[in-house]
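Enquirer: For the record, the sequence lines run as chains A and B. In terms of the numbering used here, the first sequence has 77 at position 77, counting the first letter as 1, and numbering is strictly consecutive. In terms of the numbering used here, the second sequence has 151 at position 151, counting the first letter as 1, and numbering is strictly consecutive.
Derived by calculation from the structure, the hints in this document are not laboratory data. Treat the numbers as computed from the prediction; the structure is a model and nothing was measured. Among the hints, a few may not be true.
As the list claims (entries may be wrong) - List of simulated lysine-lysine pairs, PhoX-like, C-alpha gap at most 25 Å:
1) B:K175 to A:K116
2) A:K127 to A:K116
3) A:K72 to A:K196
4) B:K175 to A:K87
5) A:K118 to A:K139
6) A:K2 to A:K237
7) A:K111 to B:K175
8) A:K94 to A:K72
9) A:K72 to A:K100
10) B:K40 to A:K94
11) A:K195 to A:K2
12) A:K111 to A:K144
13) A:K195 to A:K5
14) A:K7 to A:K87
15) B:K175 to A:K100
16) B:K175 to A:K72
17) B:K158 to A:K100
18) A:K72 to A:K127
19) A:K127 to A:K197
20) A:K186 to A:K127
21) A:K32 to A:K7
22) B:K175 to A:K94
23) A:K87 to A:K127
24) A:K94 to A:K116
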Amino acid sequence: MKNVKIKVSNFNFYYGSLHVLKDISMEIVENKVTGIIGPSGCGKSTFLRSVNRMNDTILGSRAEGEIMIDEKNIYSEDVDVVDIRRKVGMVFQKSNPFPKSIFENVAYGLKINGVKDKYYIEEKVEKSLRDAAIWDEVKDRLNKNAFELSGGQQQRLCIARALAVEPEVLLMDEPASALDPTATLKIEELMQELKKKYTIVIVTHNMQQAARISDFTAFFMLGDLIEYDLTGIMFTKPSKKITEDYITGRFG
Amino acid sequence: MKRRDVDGIIGFWILRLCVAAVFAILIIILYDITSKGIGKINWQFLTAMPRNGMTEGGIFPAIIGTVLVTIITAVLAIPLGMGCAIYLNEYAGDTLITRIIRISIRNLSGVPSIVYGLFGVILFVQLMNLGTCVLSAGLTLGLMTLPWTITASEEALKNVPNSYREGALALGATKWQSIRTNVLPYSIPGMLTGTILGLSRAAGETAPILFTGAAFFLPHLPKSLFSQFMALPYHLYIMSTQHHAISRVRPIAYGTALVLIALVFAMNLVAVVVRYRLRRIKME
Chain A
1 MKNVKIKVSN FNFYYGSLHV LKDISMEIVE NKVTGIIGPS GCGKSTFLRS VNRMNDTILG
61 SRAEGEIMID EKNIYSEDVD VVDIRRKVGM VFQKSNPFPK SIFENVAYGL KINGVKDKYY
121 IEEKVEKSLR DAAIWDEVKD RLNKNAFELS GGQQQRLCIA RALAVEPEVL LMDEPASALD
181 PTATLKIEEL MQELKKKYTI VIVTHNMQQA ARISDFTAFF MLGDLIEYDL TGIMFTKPSK
241 KITEDYITGR FG
Chain B
1 MKRRDVDGII GFWILRLCVA AVFAILIIIL YDITSKGIGK INWQFLTAMP RNGMTEGGIF
61 PAIIGTVLVT IITAVLAIPL GMGCAIYLNE YAGDTLITRI IRISIRNLSG VPSIVYGLFG
121 VILFVQLMNL GTCVLSAGLT LGLMTLPWTI TASEEALKNV PNSYREGALA LGATKWQSIR
181 TNVLPYSIPG MLTGTILGLS RAAGETAPIL FTGAAFFLPH LPKSLFSQFM ALPYHLYIMS
241 TQHHAISRVR PIAYGTALVL IALVFAMNLV AVVVRYRLRR IKME
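Just chain A, with the same shape it has in the complex (with noise of 0.2 Å):
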C-alpha cells in the first residue's frame, strides 16, 4: 500500500461569499505526481494554495474542514502557518525570482529560517541548483542579478529555491505555462527526478502534460472534485462522462 501524504476530507473554501471549493475530499500519495487538470475557474489554484495555506493572505477568504499532511490537520489552530510553509514548498505560474543575485534568491529562505553558516549555505545553495538542473547553466555567474536569467532558467531557479529549505511537498502552480516547448519539457524532466525526494502536486491546463508527468490526476470542475484516479485510467477510461468529454477537448 503506498504512503498518503496528504489527506483532504470535506474541504470546503469561500471568498466572501463565493464557494469556491465544495466538500473535496482526496488522498494525496507519496513520492508521486498529482496532476490537476480543470476549466478555467474550477478552482484547482484555489486548491493548490489551500495546501500551503497560501490563501490565508486573501482577505475575506474562509477555509472549513481538513487537510491533513501526515496526520496533522494544518488547519487545526495550533499550527504555525510558517512551519507549513517550509514544509510544503511552492512554485508560482508566473516566475518570480526576487531581484537580488542568483545566489541569493536560493539562499533567501534558508537565511530567514536563520541559518548562519556560511559553508552550509553555500553547499545547500549549490545542491539545490544541482537538483533543480540548472547549476550548470548558472555556476559561473552565481553573482548575477536573477533577472538575467531566461525565463525556463528563472522558473528552474525559482525550484531550486523551493528546494533549499527542504520541502517535503512541492507544490505548482502551472509552472510552465509562460515556457516554450524545450524550457517545459525541462521542467518535466525534472519533475521526474524531483518525484524520488517530493510529492508533487501539480496544476496544469494541458491535458498533455498532465497525462506525460503525473502518476495520479484529479480532474475539477466549478469547485467540485468530479473524478480522481490513476492516470492511466482517467484518460483512458474515466468513469464520468463529464470527465471524458473534457479530456478529449469537447469543452473547456
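Fit chain B to the supplied structure of chain A, relying on the hints for placement.
Expert: Leaving out everything else, chain B in the frame of chain A:
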C-alpha cells in the same frame, strides 16, 4: 487638407501652447529672481549675521534656521510616515475604517498650511508647553509633511510586485520577514523620493512657522531647539512686506529668494537622483 487633419493640428498646437505658457512663466520668475538676486550672493551674504536693522549683512541665521527646522521635520515625518504607510499597505485590510483613514490622510495633504500653523500653536507651543521655538516649528512642519510622506510611501509599496511577498511567504518567511527583506529594500528609494519632495515643500513654507517659532530678527544662531530662529521664507516675507525701508532691502529680499529656491531645487535634485537610482536597480 482633410477636416480631421486640421483638427489634429489644432489640438496639437493648443497643447503645445499650454506647455509653452507654463514654461515661460517659470522662466520669467526664475530670470527675475536670479538676475536681481545674484548680485547679492557672495560668501559674506551667506555666512554673516544681518546688521543695521537687517539693511546690511547676511542671512546666515535664516539659512541655519531653515536647515534645522527641516531636519526636525524629517526626523518626525520620515519614520512616522513610513511606518504608517507600511501598516496601511501591508497589514491594514480594506475596511470602512481604513478607508476613512486613507481618505482623511489624502484630505489632510490639502489642508492650508496656515491651519497647520494654528494647530501647531495650540498643540506644541501651548498644550505641550514647548514655546515658540525650532522644535515646535519643525514638528508643525512635520505634521504638515506627514500626509505627503504617507501617500508617497504607500505608492512606493504598491509598486513592489505582490509576487515578492508571496514568494517569500511560500519559503516560510513570516509576514514581517517578507516585508523587511523583500519589500522594503525595493520601496525605500521611492519612499524617500516622495518624502524629500514633501520636505522641500515644507522648507519653503512660511505660515506654519509664523506662529510656532520663526523670529522677525535675531542676529545670532538659535542656541538650542527651544530657541526662536530665523528662517528663509519668513525672512523673505519680512524683507518684502514688513520692513521699514522696503526699497533699500529689496536686493537682500531677492538674494534670500534665490537662496531659498536653490535650497529647494537642491532637495528636489536629490529626489530625482534617488529615483533614477531606483529605476536602475529595478532594471538590473
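Enquirer: Indicate, hint by hint, whether the structure satisfies it.
Expert: Going down the list of hints, with the structure as the test:
1. A distance of roughly 20 Å separates the Cα atoms of B:K175 and A:K116; the hinted pair therefore holds under the 25 Å criterion.
2. Between A:K127 and A:K116 the CA atoms are separated by roughly 17 Å; this keeps the pair inside 25 Å, and the hint holds.
3. Between A:K72 and A:K196 the alpha-carbon distance is near 23 Å, which keeps this suggested pair within the 25 Å criterion.
4. A C-alpha spacing of about 17 Å is found between B:K175 and A:K87, which places the hinted pair at or below 25 Å, so the restraint holds.
5. In summary, the hint linking A:K118 to A:K139 is supported, as the alpha carbons are separated by about 17 Å, within the 25 Å threshold.
6. For the given pair, A:K2 sits about 23 Å from A:K237 by alpha-carbon distance, which is consistent with the 25 Å threshold.
7. Using a Cα cut-off of 25 Å, the hinted pair A:K111 and B:K175 holds, with the two alpha carbons roughly 15 Å apart.
8. A threshold of 25 Å between alpha carbons decides the hint, and for A:K94 with A:K72 the separation of about 30 Å lies outside it, so the pair is violated.
9. For the suggested pair A:K72 and A:K100, the alpha carbons sit about 35 Å apart, so the restraint of at most 25 Å is broken.
10. With a C-alpha separation of about 61 Å, the suggested pairing of B:K40 with A:K94 is violated against the 25 Å cut-off.
11. In summary, the hint linking A:K195 to A:K2 is supported, as the alpha carbons are separated by about 14 Å, within the 25 Å threshold.
12. Using a Cα cut-off of 25 Å, the hinted pair A:K111 and A:K144 holds, with the two alpha carbons roughly 19 Å apart.
13. Between A:K195 and A:K5 the alpha-carbon distance is near 13 Å, which keeps this suggested pair within the 25 Å criterion.
14. Taken as a hint, the A:K7 and A:K87 pair is honoured in the structure, with Cα atoms around 15 Å apart against an allowance of 25 Å.
15. At roughly 19 Å between alpha-carbon atoms, B:K175 and A:K100 fall within 25 Å of each other, so this suggested pair holds.
16. A threshold of 25 Å between alpha carbons decides the hint, and for B:K175 with A:K72 the separation of about 23 Å falls inside it, so the pair holds.
17. Under the criterion of a C-alpha separation no larger than 25 Å, the hint pairing B:K158 with A:K100 is consistent with the structure, at around 19 Å.
18. As the CA atoms of A:K72 and A:K127 are separated by approximately 29 Å, the hinted pair breaks the 25 Å bound.
19. Between A:K127 and A:K197, the direct Cα distance comes to roughly 14 Å. Compliance with the 25 Å bound is thereby established for this hinted pair.
20. With a C-alpha separation of about 18 Å, the suggested pairing of A:K186 with A:K127 holds against the 25 Å cut-off.
21. Taking the CA atoms of A:K32 and A:K7, the gap is near 14 Å; set against the 25 Å cutoff, the hint holds.
22. Taking the CA atoms of B:K175 and A:K94, the gap is near 21 Å; set against the 25 Å cutoff, the hint holds.
23. Between A:K87 and A:K127 the alpha-carbon distance is near 18 Å, which keeps this suggested pair within the 25 Å criterion.
24. Restraint check for A:K94 and A:K116: not satisfied, since their Cα atoms lie roughly 30 Å apart, outside the 25 Å limit.
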